[in-house]
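Going left to right, the sequence shown walks through residues 1 to 692 as our numbering numbers them.
Certain hints may be false.
The list that follows gives simulated cross-link-like pairs (lysine-lysine, DSBU-like), each with its CA atoms no further than 30 angstroms apart [stated by the list, open to error]:
(1) K376 - K25
(2) K259 - K320
(3) K340 - K369
(4) K177 - K204
(5) K195 - K25
(6) K195 - K177
(7) K376 - K483
(8) K257 - K376
(9) K455 - K668
(10) K594 - K258
(11) K119 - K93
(12) K93 - K290
(13) K314 - K290
(14) K16 - K59
(15) K16 - K4
(16) K138 - K172
(17) K320 - K4
These aren't lab readings, by the way, just hints derived from the structure by calculation.
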Amino acid sequence: MNEKYLQENFLVPFIKTELGYREVKPNTVTNSLIIEEDLQEFISTTTENKKNYEILLRKYNNNSQTLLTDLIELIQERIASSRNMALFINVNKSVTLKGIKLHLFYTDDSVIHGSDLFKQNIFSVIQELTYKYDYQGKKVFSFRPDLTFFVNGIYLGYSELKSNLNNQTAKKDGRGKVSKDYFEAVRKYHEIFDKNPHLSEAEKEHYRRDFLKIFEKAIHITTTDIGETYIIRTIDQFFDEALTTCREGKYDFEEFKKKVRQVFKPYPLLIPHTEKEDKLKELFPYHYGKSFIEKEILYYNFIEREVQTVNHRKELKDEKGQLICPRPKQKFGTDKILAKIDEFLEHETEDDYFINQLEQQLAQVSPNKRAELIEKRKAYANNKNVYSLLLQYAAGFGKSNIIGWTALQLKDLRRKGEYVYDKVMIVVDRLQLRSQIDDKMRNMNIDNSMFLEAKDKKTFLEALTSDKRLVIINLQKFQDVGKILDADTLQTLANLRIVFLIDEIHRSNSGSQHEEMINIFDVLQTPFDANDTYNQSRTKKNLIIGFTATPDDNTLARFGEFSGYAESEKLWVPFDSYTMNQAIKDGFILNPIKNIVPVASKMLFDKPSNELEGFEEPNYKDVDKKQIYEEPERIDAIARYIADLLVKDVYRQIRGYGKAMLAVYSIKAAQRYAAAVRQHFQTITQHLLKTC
Numbered sequence: 001m002n003e004k005y006l007q008e009n010f011l012v013p014f015i016k017t018e019l020g021y022r023e024v025k026p027n028t029v030t031n032s033l034i035i036e037e038d039l040q041e042f043i044s045t046t047t048e049n050k051k052n053y054e055i056l057l058r059k060y061n062n063n064s065q066t067l068l069t070d071l072i073e074l075i076q077e078r079i080a081s082s083r084n085m086a087l088f089i090n091v092n093k094s095v096t097l098k099g100i101k102l103h104l105f106y107t108d109d110s111v112i113h114g115s116d117l118f119k120q121n122i123f124s125v126i127q128e129l130t131y132k133y134d135y136q137g138k139k140v141f142s143f144r145p146d147l148t149f150f151v152n153g154i155y156l157g158y159s160e161l162k163s164n165l166n167n168q169t170a171k172k173d174g175r176g177k178v179s180k181d182y183f184e185a186v187r188k189y190h191e192i193f194d195k196n197p198h199l200s201e202a203e204k205e206h207y208r209r210d211f212l213k214i215f216e217k218a219i220h221i222t223t224t225d226i227g228e229t230y231i232i233r234t235i236d237q238f239f240d241e242a243l244t245t246c247r248e249g250k251y252d253f254e255e256f257k258k259k260v261r262q263v264f265k266p267y268p269l270l271i272p273h274t275e276k277e278d279k280l281k282e283l284f285p286y287h288y289g290k291s292f293i294e295k296e297i298l299y300y301n302f303i304e305r306e307v308q309t310v311n312h313r314k315e316l317k318d319e320k321g322q323l324i325c326p327r328p329k330q331k332f333g334t335d336k337i338l339a340k341i342d343e344f345l346e347h348e349t350e351d352d353y354f355i356n357q358l359e360q361q362l363a364q365v366s367p368n369k370r371a372e373l374i375e376k377r378k379a380y381a382n383n384k385n386v387y388s389l390l391l392q393y394a395a396g397f398g399k400s401n402i403i404g405w406t407a408l409q410l411k412d413l414r415r416k417g418e419y420v421y422d423k424v425m426i427v428v429d430r431l432q433l434r435s436q437i438d439d440k441m442r443n444m445n446i447d448n449s450m451f452l453e454a455k456d457k458k459t460f461l462e463a464l465t466s467d468k469r470l471v472i473i474n475l476q477k478f479q480d481v482g483k484i485l486d487a488d489t490l491q492t493l494a495n496l497r498i499v500f501l502i503d504e505i506h507r508s509n510s511g512s513q514h515e516e517m518i519n520i521f522d523v524l525q526t527p528f529d530a531n532d533t534y535n536q537s538r539t540k541k542n543l544i545i546g547f548t549a550t551p552d553d554n555t556l557a558r559f560g561e562f563s564g565y566a567e568s569e570k571l572w573v574p575f576d577s578y579t580m581n582q583a584i585k586d587g588f589i590l591n592p593i594k595n596i597v598p599v600a601s602k603m604l605f606d607k608p609s610n611e612l613e614g615f616e617e618p619n620y621k622d623v624d625k626k627q628i629y630e631e632p633e634r635i636d637a638i639a640r641y642i643a644d645l646l647v648k649d650v651y652r653q654i655r656g657y658g659k660a661m662l663a664v665y666s667i668k669a670a671q672r673y674a675a676a677v678r679q680h681f682q683t684i685t686q687h688l689l690k691t692c
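Use the sequences and the hints to build the structure in full.
In structure tokens:
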């Protein structure tokens, strides 16, 4: 199908019928990117606005147009100071005009109104909206997105369509069109405003925010050819790159397009091999469905600021901060978890539901092999007494963000007017992870007054009876992980529905090495399966969600999902995964093998005083690894090399912020390395400062 047919005869009808949007003519939208008729209707006719609007209208001597003009001016001011439209709507779900409160957006499933108010939001789509920008009475820029989306008259984002029939793809032509449009807009900004000597820097920034808002304020910009859909959220990160190119008089933007493509990623599919129309029907609700737009507003976008400690209390620094929003794969994983909850709840009383499902999936396997696989799965009691999900995410993928987004959504999840989960418990091991989760919660507007930390059995039981629904379980404070869920605690949990989010399912027992590593997933699930009293009295099923970068075969067999039966193929796979290879391919982490730096370190041995020692009486013994890898002089020599490499080479290469990992033999060795690297780093930097 060609692009026009795709747009008018398939996609727009789908958006109107299935997603519940209304179609609006393009000539109804002003340069402010506001549909005035929608905004007017929402503030004057909906339940929570109607009475206040009538009061406010009297203050305007019944001049509705002046009222609307003032409201739009207020909205534009607030949008200009917001990083994107999701953050704007979240902060401005209601505004005050002349002392009177007006709602701009209703959230769903409130305790008082349920979904009644949310259904009154007006979602609109416009085909071929001509966005034009005038300056001093002249049009300086214009372009036409294929589809532009609004809620209650307020702009959300746009989508570019491409047709394979015209030999065009979203991957090449769609991403190229978005990149080119943005670059051209920045070029016009440079010519009209950036080069204008009569404008102050503040005025230039004002025009930038206003002129480029259709690109930079969008929650996301998508491009699709039905077969693939690509998404970009922070195109403004390339503003400096584009502006510098224009200032240098270069208008070849191929390098610019390459850099944009690195973050303009495809959105994954639950069912990759299906009809193209079905792919679009799956993907578009995740980006433009009403409930998913609400998630963008409430959860998926936040400003991350550095956390500092003042008077023994943590608080966010007063700084611009960095916009954090999900990469396609991060959002896909989080949404996938939430979607699975509905299946869990629907079959909560059917303990053999997943075993019966597995029997159907193995229908084509020989009876003996099928029986063997079923018996093995039954022995694990997977999803029988407690639900479980295993997710494999590579280091550096942003697991803390996914845990935060998932925890907040599960905390607020409601069905039939009640919260689904009584408690959401985030299980962390190391103190560093505990601090990271704490900082993440603060940046997501969840301060420490809204969650508890369970450090031992006493505080864990207190958390179960508290009205705070978010709990962080600090395993490092517990003597034994298994003691969290004893018989008394399980009896308490029998009438609750709890979700456990395990930050990393593997931990060392009392700080010992790999041979004594334990699986927190195993430890937490086993009591649910082993306690008959609990299983006879429970009325709900708890959920354990485990995150790890390296699931072993036993973990996959117990907690993994059936992938299909075939010789030499993995039978069990994680519920969702993003491997190290994928992260390297997508450019989110560097290939550690490619960048290995060999270090030669000599070990000196003193000659024994008796040169015949070991010959007179044989005393053969291999050198203990601990003697090598924890040897202080060896550690000091390598630490000096690392510090020198960081200062003289690495920092010059990354030119900004980055993370690194030093893998060593043991905790004791790690402590020595940390101290030695800091010492040598300080010595080298001080020497360089003196010589500069």
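Against the structure, the hints:
no.	hint	in the structure
1	K376 - K25	60 angstroms, violated
2	K259 - K320	24 angstroms, holds
3	K340 - K369	28 angstroms, holds
4	K177 - K204	26 angstroms, holds
5	K195 - K25	36 angstroms, violated
6	K195 - K177	26 angstroms, holds
7	K376 - K483	27 angstroms, holds
8	K257 - K376	52 angstroms, violated
9	K455 - K668	25 angstroms, holds
10	K594 - K258	22 angstroms, holds
11	K119 - K93	15 angstroms, holds
12	K93 - K290	15 angstroms, holds
13	K314 - K290	36 angstroms, violated
14	K16 - K59	37 angstroms, violated
15	K16 - K4	17 angstroms, holds
16	K138 - K172	33 angstroms, violated
17	K320 - K4	42 angstroms, violated
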